[in-house]
Amino acid sequence: MKELKEFTIPFVGLKIGEHWFEFTIEKPFFEHFEYNEFNDAGVKLNVLLVKKATLLEFTLYYKGTVNVNCDVSNEPYDQKIDGQYRFVVKFGEDNNLEDEDLLVLPYGSHEVNIQQFVYESIILAVPIKKVHPGIEDGTLKSDILDKLEELRPKAKNENPEGDQIDPRWNELKKLLTDK
253 MKELKEFTIP
263 FVGLKIGEHW
273 FEFTIEKPFF
283 EHFEYNEFND
293 AGVKLNVLLV
303 KKATLLEFTL
313 YYKGTVNVNC
323 DVSNEPYDQK
333 IDGQYRFVVK
343 FGEDNNLEDE
353 DLLVLPYGSH
363 EVNIQQFVYE
373 SIILAVPIKK
383 VHPGIEDGTL
393 KSDILDKLEE
403 LRPKAKNENP
413 EGDQIDPRWN
423 ELKKLLTDK
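Last residue of the sequence shown? That's 431 in the numbering used here, and every number before it is there in order.
Hint data in this document are derived by calculation from the structure and do not stem from the laboratory.
Since we're looking at a predicted model, the values are computed, not measured.
Virtual Cβ for every residue (Gly too), placed ideally from N, Cα, C.
Watch out, some of these pointers could steer you wrong.
In silico DSBU-like links for lysine-lysine, alpha-carbon gap of 35 Å or less [to be verified]:
1. LYS267 x LYS254
2. LYS257 x LYS279
3. LYS393 x LYS296
4. LYS315 x LYS381
5. LYS303 x LYS257
6. LYS381 x LYS332
7. LYS257 x LYS342
8. LYS267 x LYS257
9. LYS267 x LYS296
10. LYS267 x LYS342
11. LYS381 x LYS279
Here are the computed distance ranges between Cβ atoms for each label pair [what the hints assert, rightly or not]:
12. SER394 x LYS267: 53 to 59 Å
13. PRO385 x ASN288: 19 to 25 Å
14. ASP389 x LYS279: 26 to 32 Å
15. LEU427 x GLN336: 54 to 60 Å
16. LYS425 x GLU278: 57 to 63 Å
17. PRO262 x ASN291: 30 to 36 Å
18. LYS315 x THR260: 19 to 25 Å
19. ARG338 x GLU278: 20 to 26 Å
20. ASN291 x PRO419: 53 to 59 Å
21. PHE273 x LEU376: 16 to 22 Å
22. GLU278 x LEU376: 14 to 20 Å
23. ASP330 x LEU428: 45 to 51 Å
24. LYS279 x PRO385: 18 to 24 Å
Using the sequences provided together with the hints, build the complete structure.
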């Protein structure tokens, strides 16, 4: 995958210590990864780079909203996301693929691209089940919710027609309890 240049951080000229970088993440960033679950995105990203003599420590702080479709009603809404992610960059010949919080760069590297870490941390900050806040507090009105309520299974003792239950069913239910 092609690297986005704005997420490439040159660390060679930086002094040992803390360095801050700011980014704004929008929908084109996710389109670059061919991720189409977001209708829109507006996330502020602050990156803390702590440069040490033999390694680099990154902490990503992100906060904002992504517009997603509700899993229940399919209505779009803004899902707030907020979090942080830490990873370490080491230098060496061995490419360690077992630890997702460790990136090994070859000796002589002068820059690091953090786009994959940014992408994964934001995607994982979105809840697995996306439910519109209007569904939880009962303020959302939609045809889909009305139809779901209409088709909702009735309780065991609820008989919507008010008809008498066939007495043969009661005899069959006794078989389940007579063990």
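message: Hint by hint, where does the structure go against what was stated? Just the numbers, ascending.
response: none
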